[in-house]
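Student: Hey, can you work out the whole structure from these sequences and the hints?
There are 2 protein chains.
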Amino acid sequence: MDVIRIALLGYGTVGKGVHQTIQLQQERLQTLLGKRVELAGVLVKNINKHHIEDSSVLLTDNCEELFSLGNIHVVIDAIVGREPGFSYLKRAIQNGTHIITANKELFAHHGRELKSLADEKGVSIGYEATVGAGIPIIQTLSKLLQVNKVKRIQGILNGTSNFILSSMREKGLSFQEALKEAQEKGYAESDPGNDIEGRDAYFKALVLSDLAYGKKPEEEHTLLKGITDITIEQINYFSSLNLRFKHVAEIVKAPGKISCAVRPVLVSPEHPLYQVEYEQNAIAVETTIAGRITLQGLGAGMYPTASAVIEDLVQLENQHSQPVWREDVHLEAEEIEQSLWILPIRLEKQLKDKKKILGKLGSKCLIAKNLDEESLELRDHALEVLGGIDLPQIQGLQKSVKIS
Amino acid sequence: MDVIRIALLGYGTVGKGVHQTIQLQQERLQTLLGKRVELAGVLVKNINKHHIEDSSVLLTDNCEELFSLGNIHVVIDAIVGREPGFSYLKRAIQNGTHIITANKELFAHHGRELKSLADEKGVSIGYEATVGAGIPIIQTLSKLLQVNKVKRIQGILNGTSNFILSSMREKGLSFQEALKEAQEKGYAESDPGNDIEGRDAYFKALVLSDLAYGKKPEEEHTLLKGITDITIEQINYFSSLNLRFKHVAEIVKAPGKISCAVRPVLVSPEHPLYQVEYEQNAIAVETTIAGRITLQGLGAGMYPTASAVIEDLVQLENQHSQPVWREDVHLEAEEIEQSLWILPIRLEKQLKDKKKILGKLGSKCLIAKNLDEESLELRDHALEVLGGIDLPQIQGLQKSVKIS
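Chains as they are written, first to last, in UniProt numbering: chain Y, 1 to 404; chain C, 1 to 404.
Please note that the accuracy of each hint is not assured.
Identical copies carry no separate label here, and so any pair may be met within one copy or between two of them.
To be verified - Straight-line distance between alpha carbons at most 30 Å, and here's what the computed DSS-like set of lysine-lysine pairs gives: (1) Lys185 to Lys257; (2) Lys121 to Lys35; (3) Lys16 to Lys151; (4) Lys49 to Lys216; (5) Lys185 to Lys151; (6) Lys49 to Lys257; (7) Lys215 to Lys115.
The hints are simulated quantities; they were obtained by calculation from the structure and are not laboratory data.
Tutor: Below is the structure:
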């Protein structure tokens, strides 16, 4: 069987996620690509800090050594910052290797140059993972652009700053406390400046602007404003008016200019960004024909980012493929999502008299077990209010508890 | 220049939208495809009820005549119902013609058969427009499926029933009154059964199930429940608990079965479907690696649907294409979205003491004109609460008024 040999730059969160996903999805990838995917080598800064089980994988701190492995088909870039990534990727393209990058800062600044070089050399560039991790915004926007023009893009493009704002509002934390929590959870770096001052979101906005408009916003039409000045008092005040602070990146086209602003914005419940909470990201694209299209999902994390990288790999290898009809899909036990009763914790808080609303699933009359008397009383109350109708399911996926 | 000749089945809303979009986007399509797109003929039931300006386009009620035009490259299906569409499309494929369909009922039932036939004949099928109109769910889901397995799909797949539920809640209308409004606005057919009883959403769920799982849900695991029994009292009661009724189609995979339910569900503010209002559609896909991805947009209408059809056309003609880098984009004056002050009407209602919150746009200190004294007073009040921070923009795109 043919082999696709990969060289990986970086073995941090994203690099490890890519490696693990290749291992876990090997069978699936073979079916899709008709080829085995093999990690040939990994470039790291310090080889003493890393260990790779599989001894056939070269672990090196020397780019020359990695690139001289030979038969490398794709270089996957999972390091951060403009350099040395840019030099490495230029070299890779010049060697005739396809590249896939998750490096937003690099691609924001040098994407166009890399693309020209890649066109010249007849290789491909995948960069789905640079914006919104597992959210397939690059491919979706590309598809929309075939027929539509883009009027405006608004997005929550940084999970860390969004996490902080959600956490302040929901838990009443100060900015510093919420930042600390984000750092403890591993969302924010020890130097969180790029996230909370909007630079990370700005890099992603540059990538989207390049894709949508063929150019970046001019510097004089760029506004960057972080979330560090927002106080819990302000959050509470606007929250009482049903307004939420979101750290929104906005790119707008006007005659002769493209403007870009990353700044705190007050959002009302009608806006699709209102309910985008914690580490979620979302991008709303206003188009001329299809209207406004919004995509939402996890904007960071090992596996969502790896998913985007591997999608690029499949795309690159399989450009002629049409949507495939799946054969029967087998889900592992832990992968199965049951349509159980779910009762959002927040709902409890909101309920007057501390009652809980319960119901039955469709017409199947599931009886929830392990309920206290209060819950049962509440179910009866809900049944009474609902009269003859079958009680519908109560849905609230975040922060839910299962009652079974 | 090469020509792509198209035969169009049906000249209702979708058919007209496709024709107009081809005309309006001719230049763009030529650039993208390197070919001119030409409408060769249109099949309608009654030629006396239709008129097409361009006399070079054949208008006929005879499918034989349409198909005998010769050199037809793509047949676009914009009629409804399983027959005669299915017979026509089989014929088209047998003639070696690519097909693109917006016909969900047909594709839900015969998609797999058409696909086999198309594979045999080496032609392509596009069906992006069958689900969610302009929302590119088919292509996005296809892309996610390359790496992910799907655990569950939840969607608001019918704009009419969603419009009715929003309208009941926001305007206090009865079901019958809201239905009448939807009919007057052209959303609901004179026989709205497919929409309000969930069959239309069910057809779309079948298409998604076939794509995600390679098969349809079994009939014994299917539940269909309409919204006709929901009363305004129920809506108001749950609304007071921050819960909204949504007509949700859900497809879940469990060992040995796929279940599908279309039914009213109570949704809490944490769920991405909560703020999907009026004619909007949304689809939340829970995947094994990328997490939950939600897409939202206009799920019906002439142009969103046409956009999806034309995207399929470009895809079909241009399968080797990579995301293109745009050249400088020119937007017409009426296409430009300005970052004006927008003050959601709903916000006013929610504000205590009928005050309005205003602010200034970023650091640019836009002064809103034509404001009454009350508004100005409120702006001062907001400035006071916000203290030293630059006032952020207030966003709420639906039902907004511009103040300039």
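Student: Evaluate each hint against the coordinates.
Tutor: Hint check:
1. When the C-alpha separation of Lys185 and Lys257 is checked against a cutoff of 30 Å, the pair qualifies neither within a copy, at 40 Å, nor between copies, at 37 Å.
2. Taking the shortest alpha-carbon separations for Lys121 and Lys35, both the intra-copy value of 23 Å and the inter-copy value of 26 Å come in at or below 30 Å.
3. For the identical chains of this complex, Lys16 and Lys151 are inter-copy neighbours only, at 24 Å across copies versus 38 Å inside a copy, given an alpha-carbon limit of 30 Å.
4. Within a single copy, Lys49 and Lys216 get their C-alpha atoms no closer than 38 Å, and across copies no closer than 49 Å, so neither meets the 30 Å cut-off.
5. Taking identical chains as interchangeable, the C-alpha atoms of Lys185 and Lys151 lie at most 30 Å apart only when they sit on different chains, with a minimum of 26 Å there against 36 Å within one chain.
6. For the identical chains of this complex, Lys49 and Lys257 are neighbours neither inside a copy (47 Å) nor across copies (46 Å), given an alpha-carbon limit of 30 Å.
7. Taking CA atoms no more than 30 Å apart as the test, Lys215 paired with Lys115 passes inside one copy only; the shortest distance there is 13 Å, against 40 Å between copies.
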